[in-house]
Amino acid sequence: MASYLETLDIPHLPESLSVYVALYRDVQNAAFLRQQLLSGNKEFEYAFIDASMVFSRAHATAAIFRAINDYKNDRLKSHNVHSEIVFSLNPANNIADSFRKFGVADSTKDLLAVKVSVSPEITRDSVAAHLEASVQGTPVTFDDQTISEISDVTRIKKMFKLGALPSPGDKTGGTQNTNAKRQLEMSLVGAIALRGS
Amino acid sequence: MADEYKPPALPAPFNNTNPAPELLTQGAEGHLYKTFSLDPSIPAALKVRPSKPYRHPILDRRLTRQRIIQEARCLTKLIREGVSVPAVLALDWEGQGGDEAGWGGAWLMMEWIDGPVVRVVLEQWEAWMKKNASSLDVAQLEQENARVKALLRRIGKTIGGLHKAGVVHGDLTTSNIMLRLPTEDIEAETTPTGVSTQGEVVLIDFGLASQSAQDEDRAVDLYVLERAIGSTHPRSEPFMEELVHGYRESHRGATSTLKRLEDNPVPLSNAYSHMDRIDLNWILKTPR
Amino acid sequence: MIAIGMEGSANKIGIGIMSHPKDGSPPQVLANIRHTYVSPPGEGFLPKDVARHHRTWVVNLVKGALKEARVSVEEVDCICFTQGPGMGAPLQAVALAARMLSLLWGKALIGVNHCVGHIEMGRLITGATNPVVLYVSGGNTQVIAYSSQRYRIFGETLDIAVGNCLDRFARTLHISNDPFPGYNIEQLAKQGKQLVDLPYVVKGMDVSFSGILAAIDSLAATLGLGGEERAREDAEKASNVEQTSQDQVQDFDSDNKPTRADLCFSLQETVYSMLVEITERAMAHVGSKQVLIVGGVGSNERLQEMMGIMARDRGGSVYATDERFCIDNGIMIAQAGMLAYQSGFRTALQDSSCTQRFRTDEVHVKWRED
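Chains as they are written, first to last, in the numbering used here: chain A, 1 to 197; chain B, 1 to 288; chain C, 1 to 370.
Next comes chain A alone, as it looks inside the complex:
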C-alpha cells in the first residue's frame, strides 16, 4: 500500500521539506476525517482535499508550492501549512469558503491527502502507516489520467470563474483537447499564483 504514497518532487523547495501525497477513491470515512480536522486532532494535520476539485497534478502542485512558499516566508493566512494548501487551491481570499469548496466534506468520495514534513519526525514511513490506518478507501496513482476521471471540471471552472473556457472533452483526444486542458490548467495555476494580489 505504501507504494501509493508519492513523494512529490517540487523543485526550488528546501531539501529538508518533503511533500507526500496520496490519492484515494471510494473513501468510506470522509466524515470521520473531517471531524478530526475540525476537532484539531494534531495526528490528523493533513491537507485533506476533495479530489473532485483538483483538475490536474499541476493544479495541485501550484497550490502546494504557493502554500509552502508562504509558509517559508511567514505569510500564512491560515493555521498551518496544511490548511494553507487547501486555502491555496481557492482563487478567492476567503479561508472558510476554501474549506467548504476544496476541503474534505462528509460526502467526499475521492480524497487527495497531502502532508509536508515540517518536522523531522514526519517521514515517508510514518505518513504511509498513519494514512493506511486512517483512510478507508482505495489508493490509486496520483496522475493526470486518474485525476481526469475524478475531476468535476464544470464545478472547478465555476469556482475559478472560468465558465467561458472550453472544457477538455473526456475521450475524444486530439490537439483541441490538449489545448483546452492546457489553457484551463494554466488559467488555474495563474489564478492561484495571483491570489491576494
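Hint data in this document are derived by calculation from the structure and do not stem from the laboratory. Among the hints, a few may not be true.
As the list claims (entries may be wrong) - Listed next, the stretches of chain C that the computed footprint assigns to chain B, with coverage defined by at least 3 CB atoms under 8 Å from CB atoms of chain B: (1) 192–204; (2) 270–277; (3) 309–321.
The model shown is predicted, which means the values in this text are computed figures rather than measured ones. Cβ atoms here follow ideal geometry from the backbone N, Cα and C, with glycine treated the same way.
Given the structure of chain A, go ahead and fit chains B and C onto it with the hints provided.
Just chains B and C now, kept in the frame of chain A:
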C-alpha cells in the same frame, strides 16, 4: 572608483535551487533566468525584479510589487483569453530576500517557450537572401517572400488577439515575439534558406504591458513594431501590409485602431519612449 | 586660445573666461562670475524682469571677468553665448550684448546650445569620457547619450522640468528662493521622515512631473501646510534648531500628519527615483557604466547619492560637479563654444538669433571623434 561588481543574488526560494538557475539577461529592471518549473521535467523562465537600494524602501516595495503583479495579471488574462503568451506558473510580489541581510526581489516564474525570437528568424532569412537571392528562380523567390508574408500575417493576427483581450504590450519589437517550436512531428517547410518560419507565434516580455482598450495605446504598439521592423529588417519591411492585414482580420476593433495609426501620427514622445528602449541603432541613427 | 562665455538663459547671468593653452595642456578657468535674480518667496520670476536684470549686469560682469582673468581684449579669440534653450527675453538680452562685443572687438561669434555647454563642462571637470548624461534643471530634464557626433536624447520630461516642479512646490510652501528654491527644499527634506504616497510616472524612458506637482500641491493645501505663516514658523524653528530638534521628533511621533518637511522629503524621493530609473535604463541600453549629472538640480546631494548607489550596483560610477559648474555659468558656454570654435564653427550675425527651443540633438558635435 567603483566597488567590485557582484552578480545579482537570487531571492528565496531559488537560492536553494539545484542546479542554480542560469542567468540569461540582466536588464535595467529585471534579471531573466532559465530554471525548472514546479515539475522537474519541465523548464521555466524566471524573471526577478531586484529591489533597488537607491529608492526609499516603501517606494521600492510599492513599485516592485505593482509592476510584477501588473505583468502577471496581463499574462494570466491573456492565457484565459487564449492568446499565446507564457503562462504564469508561480509568483511572489513581496520581495522577501534570502538569508543575506537586506536583499529582496519580487519574482515571476513563467512557462518556458522553446523556439527562436522572430528578430533572429528574420535576420537569418534576410542575411541568406542578401547573399543568395540572385541564385533563386522567380518561383523560388516568390515562395520565400510568401513565407515571410505569411509569418507577418500570423504576427498581426496574434497582436490582434492581444488587443482584443484588452491588453497592450508596451514594448513590441521582433525581439519580444517568438516562434514556439512545434511539438508534434509536422512536415518541415521546403526552403533553400534553412530558416524555418514554422511554429506558433508567442508574445513575450510583458514588463511594460498594461490593460487598455484605447486605440491610441494599441496604435503605439503597432507603430513601435512597424518602426522596429523598418529599422532592423529592411527586406521584410515591404511586407508590413501583411501584418496589418492579419491584424485587421483579427477583431472588430482593429479598423479604428488602424485608422488611428494612419490618421493621427502617434504622439512622438510616447512612441519614442518605447522606441528608445528597443533599438538603440535605430534611435541613434534617426535624429528626432 | 581664450573664449568668453556669456550665459543668461534663465534667472542667472554668468560670464566666464576659459583658456585652452596652445601646448595642449588642460583647459583653464580664468574667471567664473555670476549674478542671480532672486524673486521674493512665493513668486517665480518674470522674463521681462530677468531680462532687465541681465541688461543691468552684463557690462559690469564682462569687465569684472576680464579683470579677474587678467586678460586683455586683444587676447580673446571668440565670444560665446547661449543661443537656447531658455527664456526668450533673457536669452535675447545677453545675445545682444554678445553680438555687440563681437562687432566692437572684431571677435568670432559662437552660439552655444545651453545643454551641450553643461555636458562639455561636466566632461571637462569630471574627466568622464563617454557618460550617460542626466541633465536636470529648472527648464530641462533629459537623459542623453553620445553617438555619431550627436548628443542623443534618450528620455525626457513629457511636461514640466524637474527643477520647475521643485521650484513651484517651493512657491506653494513659501520657501525662500535664496540661494535657490531647490536648495531650501533639500534642507527641509533632511528633517522629513514620513514618505507620503505620490504619483510615480515613468513611461518607457520618459517621465512626467505635472501630476506629481498637482498631487503634492493639493496635499499641502488639504493639510494646511502652504503659505507664509507656516514658512515663518519654519524659519523660527530653524533659527534655534539646537533647542527644538528634540521637540520636533516628538511632534512627529505624537502626530502622524505629514509635515512640510515630510512633503519635501517625499517629493524628492519620488522625483529623484524616477530620474535614476530612466538613467539606469539608458545605461543598460548603451552599455555605459558612467553617469554624469549636470544642471542646477544636479547639485542636490540626495540625487547624487541615489545615482551613486545605482551606478555602484551596475559596477559603474557617478560623476557630478559642484554648484560652481552645475548651476548655470559662463564658463560652460566658453568651454563648449571653444570646442566648436576650434573645430571651425562660427555663428554668422544673421544666424545669431536666439531660440527658446533648441534641442540638444540639433548640434553637430564636430569636436568629438565618432
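Each hint tested on the structure:
1. Given as covered by chain B, the stretch 192–204 of chain C passes the check, having 5 residues with a CB less than 8 Å from a CB of that chain where 3 are the minimum.
2. Counting residues of the stretch 270–277 of chain C whose CB lies closer than 8 Å to any CB of chain B gives 4, which reaches the minimum of 3, so the coverage claim holds.
3. Residues of the stretch 309–321 of chain C lying with their CB closer than 8 Å to a CB of chain B number 9, which satisfies the three-residue condition for coverage.
Checked against the numbered hints above, the structure breaks none of them.
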